[in-house]
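*Asks:* Residues -19 to -1, 1 to 194 in mature numbering (1 follows the signal peptide of the UniProt record, and there is no 0) are what the sequence shown lists, from first letter to last.
I should point out that these hints are in silico values taken from the structure, not numbers from a laboratory.
Remember, it's a predicted structure, so these values are computed and weren't measured experimentally.
Check each hint, because a few of them may be wrong.
Here are the computed distance ranges between Cβ atoms for each label pair [said to hold, decoys possible]: (1) PHE151 <-> SER21: 36 to 46 angstroms; (2) ASP126 <-> VAL37: 18 to 28 angstroms; (3) ASP34 <-> PHE143: 46 to 56 angstroms; (4) ILE101 <-> PHE40: 18 to 28 angstroms; (5) LEU109 <-> PHE36: 12 to 22 angstroms; (6) PHE40 <-> GLY123: 35 to 45 angstroms; (7) THR95 <-> ASN131: 35 to 45 angstroms.
Simulated pairs of lysine to any residue, SDA-like, Cα-Cα distance not exceeding 25 angstroms [to be verified]: (8) LYS48 <-> VAL78; (9) LYS48 <-> ALA9; (10) LYS144 <-> TRP50; (11) LYS144 <-> THR64; (12) LYS144 <-> ALA9; (13) LYS144 <-> PHE186.
Even glycine gets a Cβ: it sits at the ideal position worked out from N, Cα and C.
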Amino acid sequence: MKKALVSLLLVLFGAVAFAGEGDILVRARLINVSPNDDSSEILTTGTGVTVDDAFVPEFDVTYMFRKNWGLEIIAATSEHEITTENGALAGADAGDVWVLPPTLTLQYHFGPDTATDVYIGLGVNYSLFYNYDVSADLEALGVSDIDFDNSFGLAANIGADFKISEKWVFNLDLKYIDMATDADLELADGGVLDTLEVDIDPFVFGVGVGYRF
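Sequences are here, hints too, so could you generate the full structure?
*Replies:* Encoded structure:
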């Protein structure tokens, strides 16, 4: 995985280095971040955690450095509630956490000059977890905080721009992000109750409008 990420980063930065003058497309979208999650169990209880969906605004910019090739960067942040599932501790509130997942995607556009421009892409994502709020249910177990490792992974993308006018487009977009974290359940005395391996791996569905400069 690490070799694949490094290779893709070299391709992305190489594309920037050889970029020529081209169109810039700015979009605003409403996105649904829908985790396809899985986790290890807490101690030996048979209980894992699940991460809920979030609907948030998203802004992105695509630079078309060649007629059919573009680089997209997205900016969005989402808050997710965490609950336990299965086993002896199922149904407990495990708090909520914010995720900031900047994603850089190299895209190929099949019809940039047509009424419907379908594109596909492959990119990299770095997700930062912040502002975790511990729940009363976890505090009752002696947990005072959860420390989340940030995540670095691949991202895949497919979407389409539907031309409204010479400058405006209507956009549909779908991304899959390889996102995983190790979460330390920290105790008030500084110890760690357990470390959970959490695969979040969200699908990100987006709908919005864009303006081409």
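*Asks:* Are the hints correct? Go through all of them and say.
*Replies:* Checked hints:
no. : hint                                 : verdict
1   : PHE151 <-> SER21: 36 to 46 angstroms : holds (42 angstroms)
2   : ASP126 <-> VAL37: 18 to 28 angstroms : holds (24 angstroms)
3   : ASP34 <-> PHE143: 46 to 56 angstroms : violated (25 angstroms)
4   : ILE101 <-> PHE40: 18 to 28 angstroms : holds (21 angstroms)
5   : LEU109 <-> PHE36: 12 to 22 angstroms : holds (20 angstroms)
6   : PHE40 <-> GLY123: 35 to 45 angstroms : holds (41 angstroms)
7   : THR95 <-> ASN131: 35 to 45 angstroms : holds (39 angstroms)
8   : LYS48 <-> VAL78                      : violated (40 angstroms)
9   : LYS48 <-> ALA9                       : holds (22 angstroms)
10  : LYS144 <-> TRP50                     : holds (18 angstroms)
11  : LYS144 <-> THR64                     : violated (42 angstroms)
12  : LYS144 <-> ALA9                      : holds (15 angstroms)
13  : LYS144 <-> PHE186                    : holds (20 angstroms)
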